[in-house]
Structures are given as structure tokens and as C-alpha cells.
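Chain by chain, the residues run as shown.
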Amino acid sequence: MLGEGILKGLAETARNFVGSYVSKERLTTVEYPEQRIAPIEATRDFPFLVYDGKDWDAGLRCVACQICEKECPPKCIFIEKSKDKKPDAVGKQQFYPARFDIDISVCMSCQICVEVCPFDAIKMNTEFELSTTDRFGGLLLDRQQLAKSNEYYHEIHPTEASGVDARLAAERAAAEAKAKAAAEAAAAKAAAAAASSAAKPAGGEA
Amino acid sequence: MSFVFYILAAITLAGGLAAVLLKNMVHCALAVSIAFAGLAFLFLGLDAQFAGFAQILVYVGAVAILVVFAILLTRSSDTPKDGGVFSRTWLAGLVVAAAVFAVIGWAVLSSVGGLPHEAAVPTVTVLQIGQALMGPYVLPLEIVALLLTVATIGAVIVAIHEKEDAK
Amino acid sequence: MVEKLDQIFVLLSHWLVGFLPAGLQQAAGIVIGVVVIVCLYPALFALAVLMERKGLGRMQNRYGPNRVGPYGILQPIADGIKSLTKEDIVPLSADSAVHFLAPIVVVVASFMGFAVLPMGRNMVLVDMDAGLLFYFAMGASTELAVFMAGWSSRNKYSLLGAMRAVAQMISYEVPLLLSSVAVVMITGSLSLTKIVSAQNAYTGIFPHWYIFTPWGFAGFLMYAISTTAETNRSPFDLPEGESEIVAGYHTEYSGFKFALFFLGEYVAMFSISGLGTTLFLGGWSAPFSFLTWIPSWIWFFSKLMLSICVFIWLRGTLPRLRQDQLMNFAWKFVLPLSLINLLVAALWRFLGEGWQRWVFCSAILLIAYVFMGLQEARSDHFGPRSYRYAE
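Sequence order for the protein chains is A, G and W.
Its first residue numbered 4, the first sequence is counted upward by one per residue in the working numbering.
Its first residue numbered 3, the second sequence is counted upward by one per residue in the working numbering.
Its first residue numbered 2, the third sequence is counted upward by one per residue in the working numbering.
Think of the hints as simulated: they come from the structure by calculation, not from any bench.
In silico DSS-like cross-links for lysine-lysine, where the CA-CA straight-line distance does not exceed 27 Å:
1. W:LYS55 x A:LYS11
2. W:LYS55 x A:LYS27
3. W:LYS333 x A:LYS11
4. G:LYS25 x W:LYS157
Generate coordinates for the entire structure from the input sequences, incorporating the hints supplied.
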């Protein structure tokens with residue numbers, strides 16, 4: 004019968020219309036500024052710099068190797084390497100970024116900088132409320148704005164962050180073990196040298 | 003009353019002249035529809051409601067659209083590149099328009115004797131028009147209706163024929 | 002008291018006019034009426050836009066606008082301010098005079114229809130002998146305005162939209178007129194006030210509305226289909242099909258000129274719903290004889306808003322038609338059925354009172370509907386389209 008489908012359709016929309024007032028599960032809308040859904044763990048938008056410890060400036064993991072700057076497809080990262088070195092979180096002397104800017108109006112959230120970073124210093128953020136009244140300066144984030152603590156990283160990406168921490172700890176432990184071994188070897192060598200020098204006091208190593 | 007008449011007459015004449023003189027064909031068609039509307043309001047001023055509204059319904063609503071479609075479908079709607087608002091052949095247009103006007107004017111003036119001379123304008127209602135069309139003038143009405151039907155069928159046949167050719 | 006309330010606007014107008022000298026009274030009365038119409042319908046327009054956005058939202062299980070004011074009721078005001086403050090852009094190659102005139106002609110032609118609509122007992126601006134004809138004459142002039150808008154924009158989408166709109170409006174104007182002519186045949190008058198008063202009678206408690214007769218019901222359906230097409234509403238919104246031709250004939254309009262087109266579309270909806278109410282739903286008359294104490298204008302405007310709700314409901318339900326489906330539907334279904342309905346109305350008139358005419362008329366219409374419905378369903382118009390040149 005012609006017109007039957009139209010009536011069925013009208014009944015369907017009427018059911019939805021009334022249903023949206025009656026049953027809550029029909030209205031799936033989240034009224035955003037007041038209501039929020041917790042972001043899922045894999046969320047990412049723009050990169051940030053991780054620091055360890057309390058002081059952001061001292062604790063930055065970044066050593067200004069500039070790999071991310073070179074790899075960035077839209078070239079939104081700008082790094083200026085420091086002239087001097089200063090101790091990092093574990094006290095090792097390292098270069099540090101004198102300037103580290105990311106233009107998030109250019110960034111395309113590809114995560115390549117994160118993939119290539121050998122120091123786990125740059126990670127993806129989940130902060131999305133970034134609107135600003137100044138579209139040039141306001142979207143060019145500098146070192147201080149980019150720096151976030153490791154605790155924050157744990158907060159937004161818990162699984163990933165603990166993985167990173169475990170790996171870093173393992174690497175550090177390995178490095179320490181290696182250093183220890185090297186030190187021991189050096190000490191043994193030194194001892195041996197001392198012994199040999201004791202045997203032959205005039206000898207020495209350059 | 004006469005003041006309104008002069009305004010309407012001026013609008014109608016301006017529309018008619020623009021239709022003859024302008025260069026852009028679509029502008030001409032729109033000007034013609036202004037003239038049609040002015041005429042319709044002149045009819046209304048003469049208390050001829052039915053004629054006035056029929057004029058708007060048929061001429062502004064249908065004939066003007068038909069003219070516009072005809073212009074757009076025959077590629078004469080391209081905007082002329084060279085400057086100027088008026089058509090280069092405006093004189094010819096004016097002459098043709100004047101000739102048509104002269105013929106119609108002559109016809110009207112020579113048939114004045116046949117019209118009834120009534121001092122007061124009779125109020126013609128739609129009912130009376132309907133009764134006249136269905137009573138004394140039913141044969142002319144039917145002939146016109148037949149003619150239009152034949153024309154429509156002819157147009158359809160022509161269109162269908164072309165389509166089969168295209169296949 | 003009831004009588005006073007019914008005539009409150011008429012009395013108010015008379016009282017206001019009474020302050021003026023006798024020579025000016027008639028003109029002042031007309032001016033008051035025009036001002037009221039020009040203020041009232043844009044207000045209703047705001048209400049209808051809000052209803053549409055909220056209603057469509059609920060049909061799609063959304064909230065709809067709910068930010069501006071409590072429950073979003075100030076949204077139309079915000080929209081109005083926005084469109085007023087937006088930049089008015091005219092394309093460089095556009096025909097500026099025609100481009101400027103088109104929205105004005107649309108709005109003026111849409112408003113003209115209200116002049117003859119009786120919005121309550123004694124509430125009609127001009128009680129014209131040929132009221133219905135006047136209404137359709139004014140409706141016909143919007144076609145030219147739509148064409149002006151589309152052509153003057155010098156944009157292919159605008160021109161396509163305008164051509165679609167004009168083709169559609171001309172095609173559906175025929176069944177629109179034919180379904181109204183049935184009413185004129187039964188009433189024997191083109192005057193809308195007479196059409197209403199012919200329906201303002203009761204058998205028992207039930208009114209003599211034309212929709213409660215076989216020919217009236219069929220005519221009302223044809224009228225409703227044609228009006229939906231005539232006002233370019235979904236599912237016949239091909240002229241502004243957003244997914245195909247941007248916004249059709251008003252693609253190149255911005256700011257307040259766009260708002261005028263929007264207003265014109267809704268005002269046309271109101272006036273054509275008002276006409277439908279007048280022709281088939283008894284105009285300002287009450288639906289039951291025991292409800293006649295409620296003022297007539299309340300009935301008219303409730304019927305009007307109910308029609309608008311149906312428009313919104315249809316928009317929320319039906320997908321857009323294809324151009325060939327649209328034309329086939331107009332010329333091969335709606336038009337023949339309106340013609341048959343015209344015959345049936347004539348039969349109804351000449352069969353006289355009695356049960357026979359109910360049976361005869363209903364039977365003819367039902368058979369025609371079923372037969373043509375089957376024919377349509379079997380034909381290939383509604384299937385996938387075969388293309389001649391673009392395969």
C-alpha cells in the first residue's frame with residue numbers, strides 16, 4: 004500500500020521524540036562543559052616534555068639532541084641547544100635545550116617525535132582545551148609551558164608511563180651495573196697497575 | 003485615484019520600455035514581469051479583481067518564468083561583455099513594439115462602437131464571470147480548452163520523439 | 002464576556018482608530034492590521050524555528066538548543082542578532098540590483114497572502130471576493146523572486162537550486178490549485194470568509210469541516226503534499242539540498258539577506274498552513290460544538306501551529322526525494338488524483354444529501370488510490386535510476 008512506509012516512519016520518529024523525554028538512556032549527549040567523560044588512555048593530541056623531580060628546569064629529560072626537530076614532518080619543533088652542560092636528574096652532565104618551542108597550530112599530532120626520542124623526554128598530552136585569544140603567540144608553547152612532571156604523565160597514561168619508568172630504571176640499573184663493572188674493572192686494573200708499579204716503581208701509564 | 007493611476011502607468015511603461023531597450027535578456031524578462039504586474043494593478047484599479055489576479059497568476063507566475071526558462075535554455079543569457087546597459091538594436095525593438103501597439107490600438111479604437119456605453123462601471127463578481135463562461139460562452143471556452151489540450155499533447159509527442167532519437 | 006474575548010482584537014483596533022478623525026479611520030484600521038501581521042508572524046517564526054530545532058533534536062535523541070536562556074528559549078534572539086551583525090557579502094560578478102531585490106520580493110510576496118486569511122471571526126484584513134485567487138497570485142510571484150536570487154548570484158549551485166525550485170513550484174502548484182478548486186466548487190465562492198462560514202456548522206457535536214468528507218480528506222492530503230513541495234520543505238527540499246548544491250538559490254546570500262530568505266520560507270509556511278486550515282480544517286471554527294466559547298483566533302492559531310508541527314515531524318522523518326521521483330510523483334500521482342478528486346467533489350455536490358454519496362465518493366477515491374498506488378509501486382520510478390549519459 005502506498006504511504007504505508009511514511010506512516011511507519013512517522014511512528015518511529017514519534018517514538019523517538021517521546022522516548023527522549025521518558026527514558027534517559029536514549030539521550031546519550033554529554034553536556035560538555037559541565038559533564039565530562041574521562042578520556043580513554045590512548046588519547047593524544049600535542050606533545051609535552053617530561054621532567055623528573057620537583058624542579059621543571061633542572062629535571063627535564065631532554066638533552067637537546069634535536070632528533071625530534073629533524074624528524075617532525077610539519078616542522079613545528081624549534082630547539083636551541085645549550086652551550087654548557089648541566090647535571091640531569093641522575094646527576095650526569097648533559098646538554099639541555101636553551102629553547103624548546105612547539106607550534107601547536109602546526110603540529111599534526113603524528114607522535115613521530117615521541118617514537119624517535121631516545122630519552123623518553125617527549126610524550127603526548129591529552130589536554131585539549133587550548134583555545135586562546137592570540138592565535139600566533141598563544142599557540143606557540145615554550146619550554147616552561149611544555150614541561151610536565153612525570154607524575155602528570157602517570158596520571159594521563161598510567162600503563163605507558165609505568166612501562167617507560169620500568170624501562171628507564173632497567174636502563175639506569177644496567178648503566179649503573181656497567182659503570183660499576185667498569186669502575187671495578189678500572190679499580191682492578193688500577194690495583195693490578197699499582198701492583199705492577201709496586202713491582203716496577205719507575206713504570207707509569209700515560 | 004488618478005494619482006495612483008499615474009504611478010502605476012509610469013511603472014508599467016517603464017517596465018515595458020526596459021523590456022524593449024535593455025541589453026541583458028534576463029533583465030528584459032524581469033522588466034516584462036514588472037510591466038505585467040503594473041498592468042494587473044491597473045486592472046485592480048478598475049475594480050476588475052478577477053482579471054487582475056489572473057494576470058498576476060498567469061503572467062507573472064507562469065509566462066514570465068516560461069520566458070526566463072526559454073532564455074536560459076537557448077544560451078542567450080550570457081552577459082554581454084561590452085559596456086553599456088542598452089541593447090544595440092534598441093531602435094528596432096522600439097519600432098517593433100510601437101508597431102504592435104499601433105495594431106492593437108487600431109483594433110481597440112475601431113471596435114469601440116460595438117461596446118456597450120455604460121455610465122457606471124458594473125461590479126463584476128467572480129460568480130458572474132463563471133456563469134458567463136459556463137452559460138453563453140461555453141462553446142468558445144471549450145474550443146480554447148481543446149486547443150490547449152491539443153497543444154499540450156503535441157508538445158509531449160514532440161518531446162518523446164526527440165528522446166527516442168537520442169537513444 | 003465570551004463574545005468580547007472573541008472579538009478582543011477587533012474591538013481594540015476600533016478603539017484605537019476611534020481617536021482619529023473620521024476621514025483617516027479606514028486607512029488607520031488597515032495600517033494597524035498590517036503592522037500587527039508584520040509583527041506577529043516574525044514572532045511566530047522565532048517560535049517555530051525554536052520548535053523545529055528542539056523537536057528535530059528530540060526526534061534524533063538529542064537535546065537541541067539549550068544554552069541561550071532557560072531551555073534555550075532565547076536561541077532565536079541570539080540567531081537574529083548573529084545574522085544582523087554578520088557581514089553582507091555580494092559576489093563581485095553578481096547582478097547587484099537583482100541580487101538585492103530578490104530577498105525583498107520573497108518576503109513581500111510571502112506576507113501578501115495574509116491579507117485575505119481570516120484569522121478569527123471578523124478578523125480578516127481585506128475581505129475580498131476573489132480572496133483565494135489573490136492568495137495564489139501572490140504565491141506565484143515568489144517563483145520569480147527565487148529565480149532572481151539564483152540567477153543574479155552567478156553561481157552554478159544557485160542557478161541549479163533556482164531551476165530546481167522553479168520547476169518544483171510550478172509542478173506542484175497545479176495540484177495545489179486543483180485541490181483548492183474542489184473546496185471552491187462545494188462552497189460556491191472564492192472568498193475565504195465564506196469558505197470558513199460554510200464549515201462553521203455542527204451536526205450534533207461534530208463540525209462540518211471539509212476534511213471530514215471523502216473528497217475533502219483526499220483533497221487535504223493532496224494539498225498537504227503540494228504545500229510541502231511548494232514551501233521547499235523536506236522531503237521536497239531539493240532546491241536547497243545541502244548535500245548536493247550547498248544551499249541552492251541562497252548560497253551566495255549572507256547576513257541579513259539570508260535571514261530574509263529564511264523568514265520568507267517560514268512565513269510562506271505559515272500562510273500556506275493558514276490557507277489549508279481555512280480550506281479544509283474549518284478556519285477559526287471550534288472542533289466541537291461545546292468548545293465554541295473559546296475565542297476563534299485561538300483555534301485558528303492552534304491549527305496553524307499544529308500544521309507547523311506536522312511539517313517539522315515530516316522533516317524529521319523523511320529523506321530527500323530524487324529529482325525524477327519528485328517530478329514523477331507530481332505529474333503521475335498527485336495531479337491525476339487531484340483531478341479525480343475534482344470529479345468526486347462535483348459528484349458530491351450533485352448527488353444530494355444521503356448515505357449514497359458517502360459510499361460512492363469514498364469508493365471512487367479508494368479505488369483510484371489503491372490502483373494508482375499499485376501502479377506506482379510496480380513502475381520503475383521508485384527503483385534505482387538508470388542514467389542515459391552517465392553510466
